[in-house]
Amino acid sequence: MQPVPEQAGVLAGAPSPRRSRVRLWAGGNLADRAYAAVLLLFGLALPALFAFIFVEITSAAMPAIRAFGAGFLTSREWDPIANQYGALPFIYGTVVSSLLAMLLAVPLAIGLAIFLVELAPRWLAAPIAFGTELLAAIPSVIYGLWGIFVLVPWLREHIQQPLAASIGDAVGLFRGPAYGASILAGGVILAIMVVPFVSAVAREVLAAVPRDQREAALALGATRWEMTWQVALPYAVPGIIGGAILGLGRALGETMAITMVIGNRPDIPTSLFQPAYTMASVLANEFAEASGELQLGALMEIALLLFGITIIVNSFARLLVWRVARRAGKR
Amino acid sequence: MSAFSFRERRRRAVNVVMLGLTGVAALVTLVPLLLIFLHLLREGLSSLNLAFFTRVPAPPGQTGGGIGNGILGTAQLVLLAGLLGLPIAIGAGIFLAEAGESRLGTLVRFVADVMNGIPSIVVGIFVWAWVVVAMGQFSLFSGAVALAVMLIPMVTRTTEEMVRLVPRELKEGGLALGFTRWRTTLGVVLPAARSGILTGVLVAMARIAGETAPLLFTAFGNPNWEWRLTQPVASLPHQIFQYAISPYSEWHRQAWAASLVLIGLVLAVNVAARFFIRSPYRSR
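Chains as they are written, first to last, in the working numbering: chain A, 1 to 331; chain B, 1001 to 1284.
Derived, one-sided and incomplete: chain B residues facing chain A with beta-carbon distance under 8 Å:
| id | residue |
| --- | --- |
| 1 | 1019 |
| 2 | 1028 |
| 3 | 1156 |
| 4 | 1212 |
Calculated Cβ distances over 10 Å to all of chain A for the following chain B residues:
| id | residue |
| --- | --- |
| 5 | 1005 |
| 6 | 1046 |
| 7 | 1053 |
| 8 | 1061 |
| 9 | 1064 |
| 10 | 1065 |
| 11 | 1072 |
| 12 | 1137 |
| 13 | 1190 |
| 14 | 1228 |
Derived from the structure by calculation, the hints contain no laboratory data. Ideal Cβ positions, reconstructed from N, Cα and C, are used throughout, including at glycine.
Bound conformation, chain A alone:
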């Protein structure tokens, strides 16, 4: 998991365009050179560790990669007894639950950010911001516990059953039976967990919108909302997209909470109320009991896929956020 963005300072941490005056590498006496070498070693430790993670997981996944090839990605069969493995249900569950979470979380997070930056007086904004930070600090397993015993029963009784009974036959997405533990429950718990991260970035980029832009809009007679919607938001959009993708990366890799509420059935659900399975969940549930080279390899390949997807998503988000920060820094 990542540290709370507020504390990590998503924008503050981006590389500053200013070059430091003192060069670490230029000359110096013996002790300074040794110091520079030691620092370099520490610095290189991270890329080395990263590469090592990749190599280690890839080599463990090789048996499955050799046995199934690209068919691993498109097969929906997951049968340890017949030793047949396909990852499609897990890829599907991960992607759909995360997208569902983003669908719920992004509007909420943007609304929250606008409220905090544009509207709320300080005495109200500070405790709310603190509350969202707390939300980000709650361990995943506690979300899962709350999900099992509070959220899932509530969703079953107050959302799934009424919807399935009334429009379930007409709208496939809401078709019963209402299982409770479902891809919907997974999406909702992910949304709750991701909102603080997206809104923290959205807040930071909104707050970075220059004051004169806002004042110009207000002076032209715009209402406060028009100022926000037509002037501040467009200015902040690239950063907000970056924050949303950062949140998506978190949702894709989230393990404990979603494992506890999504139902863990390796099928492709046709209704939001059916159980599903995610890549992270199948790893959490089956890895300890995996027997045989092929099953272990298949699970390792899923880990490799999850690793690859989150790396791509996170890299993209970082580059976007950095670009925005650099632009803000130039001002």
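Starting from the structure of chain A, add chain B where the hints point.
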């Protein structure tokens, strides 16, 4: 009524409605927070007593028992992870602060940020393949390695930031006095950034203390007290997970209570880091 005033009224109405909706969004975000705390207190508070903190879990079906070994295990894991990870993380953070503008520095910073996003379960599996397979069994040591892998990128970035917040004049003053570079960093810059770095370390330690997924296949869990590095060890989050998915209502009760303890620990550290230890150079 003129068309102009109709338009005007519509604009005002949109203004009020949309701004109202942002307030609703803020409210909706906070509802789960309140509900989670409410349920933790309601379901967990009554189970807290001395025995809960000092005993090991009772066998299924029996009442009583505690999470003492889980608390100890989490403390052991987090401290050992700190021992393993913090030197690397703080060193890499100083590297980024000193040489972060170079191409290599940009690469290291980017890798640190991306590593922050690696799913914790993948870290657990990596350490399983690396350490657990080599040792031949689940162990406290492998659990601590997994947590250290999570700790390193977090602390690297906060350390870099905190070192960067130290005014350049301070560093230049040290150099101007004839200090060598390493003495300037260790004797002038780091002490000035100390409280900020400590805050980052505390927050990161609190975060890894709540992690379950990296421990599933490394520390594994243990129903008893354990001090040996080479043996599986219990942890608070893992016990909560096992209790929560068990069929016993007595264990569910204990899962709530253990969650209350865990969140108390995590939040106490976060709040302390936020209010009591502040970098003097931090503007916010």
